[in-house]
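Q: So the chains spell out like this:
There are 2 protein chains.
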Amino acid sequence: MDQSEKLHGHGAIGARRSDAIAAELAQMIQNGGFQEGERLPAERDLMQRYGVSRAAVREAIITLANRGLIETRLGHRPIVRKPDYEIAIDKVGNLVGHLVVDRKGVWNLFETRIFLEAALARWAAKHARRDHLEELRAALETNREAIGNSSLFDQTDAAFHAVLYRIPGNPIYPAIHKAYVEWLTQHWRSMRRGADIDQMNYAGHEAVLEAILARDPDSAEEAMRRHLTAAWEFVRSTFPSSN
Amino acid sequence: MDQSEKLHGHGAIGARRSDAIAAELAQMIQNGGFQEGERLPAERDLMQRYGVSRAAVREAIITLANRGLIETRLGHRPIVRKPDYEIAIDKVGNLVGHLVVDRKGVWNLFETRIFLEAALARWAAKHARRDHLEELRAALETNREAIGNSSLFDQTDAAFHAVLYRIPGNPIYPAIHKAYVEWLTQHWRSMRRGADIDQMNYAGHEAVLEAILARDPDSAEEAMRRHLTAAWEFVRSTFPSSN
DNA sequence: AGATAGATTTTGGTCAGACCATATGCTACC
DNA sequence: GGTAGCATATGGTCTGACCAAAATCTATCT
Chain H
1 MDQSEKLHGH
11 GAIGARRSDA
21 IAAELAQMIQ
31 NGGFQEGERL
41 PAERDLMQRY
51 GVSRAAVREA
61 IITLANRGLI
71 ETRLGHRPIV
81 RKPDYEIAID
91 KVGNLVGHLV
101 VDRKGVWNLF
111 ETRIFLEAAL
121 ARWAAKHARR
131 DHLEELRAAL
141 ETNREAIGNS
151 SLFDQTDAAF
161 HAVLYRIPGN
171 PIYPAIHKAY
181 VEWLTQHWRS
191 MRRGADIDQM
201 NYAGHEAVLE
211 AILARDPDSA
221 EEAMRRHLTA
231 AWEFVRSTFP
241 SSN
Chain F
1 MDQSEKLHGH
11 GAIGARRSDA
21 IAAELAQMIQ
31 NGGFQEGERL
41 PAERDLMQRY
51 GVSRAAVREA
61 IITLANRGLI
71 ETRLGHRPIV
81 RKPDYEIAID
91 KVGNLVGHLV
101 VDRKGVWNLF
111 ETRIFLEAAL
121 ARWAAKHARR
131 DHLEELRAAL
141 ETNREAIGNS
151 SLFDQTDAAF
161 HAVLYRIPGN
171 PIYPAIHKAY
181 VEWLTQHWRS
191 MRRGADIDQM
201 NYAGHEAVLE
211 AILARDPDSA
221 EEAMRRHLTA
231 AWEFVRSTFP
241 SSN
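Residue numbers (UniProt numbering), protein chains in the order written: chain H, 1 to 243; chain F, 1 to 243.
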């Protein structure tokens, strides 16, 4: 197949040559034409292969790099990467950052978290295996020991919730959890608080776990909703009243 | 602030100048330094403002365009855009394409859909307002009339589910629904089927609505799970047995 | 022979200047 | 006053060059 012919051929108005090249390379990466870790041809090779200038090739390379499909380093040929769910969801953050700056945007996001975690708690109450329950117990204990140490508490807090995201066994859920933590955390990192707040959050976790252990989906969902709604009250208080 | 100074200063190894410029412009867009619809300065202006070559400016521009923060047209200065949730999620589709090609990847995605819609059905049964119920009724009726017309049925099918995504009043849910439809549809578009399949899916919708109207969350969730699980059986059958 | 240090080559990052295609806007003519 | 045509602005592309970092090769030393 003559690639340059093909690329020059379809004269979609306004379409950059680099876009066509990027699309072509992206498809080759997705279809296995390039394996993970493999190195892409050098820019000077690609410009010959596609019959375009180096600028066009570079613009395509940069597009792929922005998508996370390749890694670029000075002096190196680009390395092929195949982003997983976490990386993919991470990229969304860059796009919607402006939607999550005001109180309403953060609330929309937080509301989906409450909704999802309530459903996860319900799921755990119905389907969690014994090893999952043990994980939850251990995470709760670690969380209890961190009461009073703000940064450590946050860490163990997230770890407790993370277990719930792992229980369904679908890699998409942990990726979503990571996104929640990264996007939402920055909004309450600056919060001053004492051990009493930690104590309250710990109590919330405890209630959730108790309901799960009792195999009571309704209570588990309710406990999680109560816990996260209470947490939201503090996030909300950190926002300027105008927004 | 002397931008060129700043940009040349932090010599983070491997960092492209265009990345720094893109980040700077992206922040100005998000912070309202540029309003939606406004036009960015010309490339030749930006190269002077940042003290870099036009290639560097162009690479930054292309990065922003890929993120959907600006629109570029030949002969036009770039136009500032602020992507909403739907556009953002759209962009992710490019990234996870390779994760949604084999059966396992599609199942992971479909499983989250079952999980989410089951929770949405539960929510609707508990909180749907009268106008929501009326919307559901109307959507179901339209869906019934489309039985036998495959493409029209798919359309009204999606429309019925879309109502459920709208009920919580959070714009993130409809965006997710759009993503599901776009990412998953292509895997069963090619499916041959008769009116009997439409009839089955319609019956599923009907059962869901009945449970919601009866304000029975458990039944609503159960009906939705049954409906989507049945739908999955057909998607699954379209995959090569090897994957 | 193997390891190490230095020279050469590869390769991405940047710059400069030019030309083309398209959109915009001005100007002169009707 | 409206319209056609010309000048201008602007994005898209090309060519060729230079720099910096990494990789590779080579010669030297142990």
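FYI, nobody ran anything at the bench for these hints, they're computed from the structure. Take these hints with a grain of salt, some might be off.
Copies of the same chain are indistinguishable here, so a pair counts whether it falls within one copy or spans any two.
Pairs of lysine to aspartate or glutamate residues, derived as EDC-like cross-links and limited to a Cα-Cα distance of at most 20 Å, are as follows [as the list claims (entries may be wrong)]:
#1 Lys-82 x Glu-135
#2 Lys-126 x Glu-206
#3 Lys-82 x Asp-131
#4 Lys-104 x Glu-135
#5 Lys-82 x Glu-145
#6 Lys-91 x Glu-145
#7 Lys-82 x Glu-38
#8 Lys-178 x Glu-111
Q: Determine for every hint whether it applies to the structure shown.
A: So, going through the hints one by one against the coordinates:
no.: 1; hint: Lys-82 x Glu-135; in the structure: neither (30 Å within a copy, 42 Å between copies)
no.: 2; hint: Lys-126 x Glu-206; in the structure: within (17 Å within a copy, 26 Å between copies)
no.: 3; hint: Lys-82 x Asp-131; in the structure: neither (31 Å within a copy, 45 Å between copies)
no.: 4; hint: Lys-104 x Glu-135; in the structure: neither (34 Å within a copy, 26 Å between copies)
no.: 5; hint: Lys-82 x Glu-145; in the structure: neither (38 Å within a copy, 44 Å between copies)
no.: 6; hint: Lys-91 x Glu-145; in the structure: neither (34 Å within a copy, 41 Å between copies)
no.: 7; hint: Lys-82 x Glu-38; in the structure: within (11 Å within a copy, 35 Å between copies)
no.: 8; hint: Lys-178 x Glu-111; in the structure: both (16 Å within a copy, 19 Å between copies)
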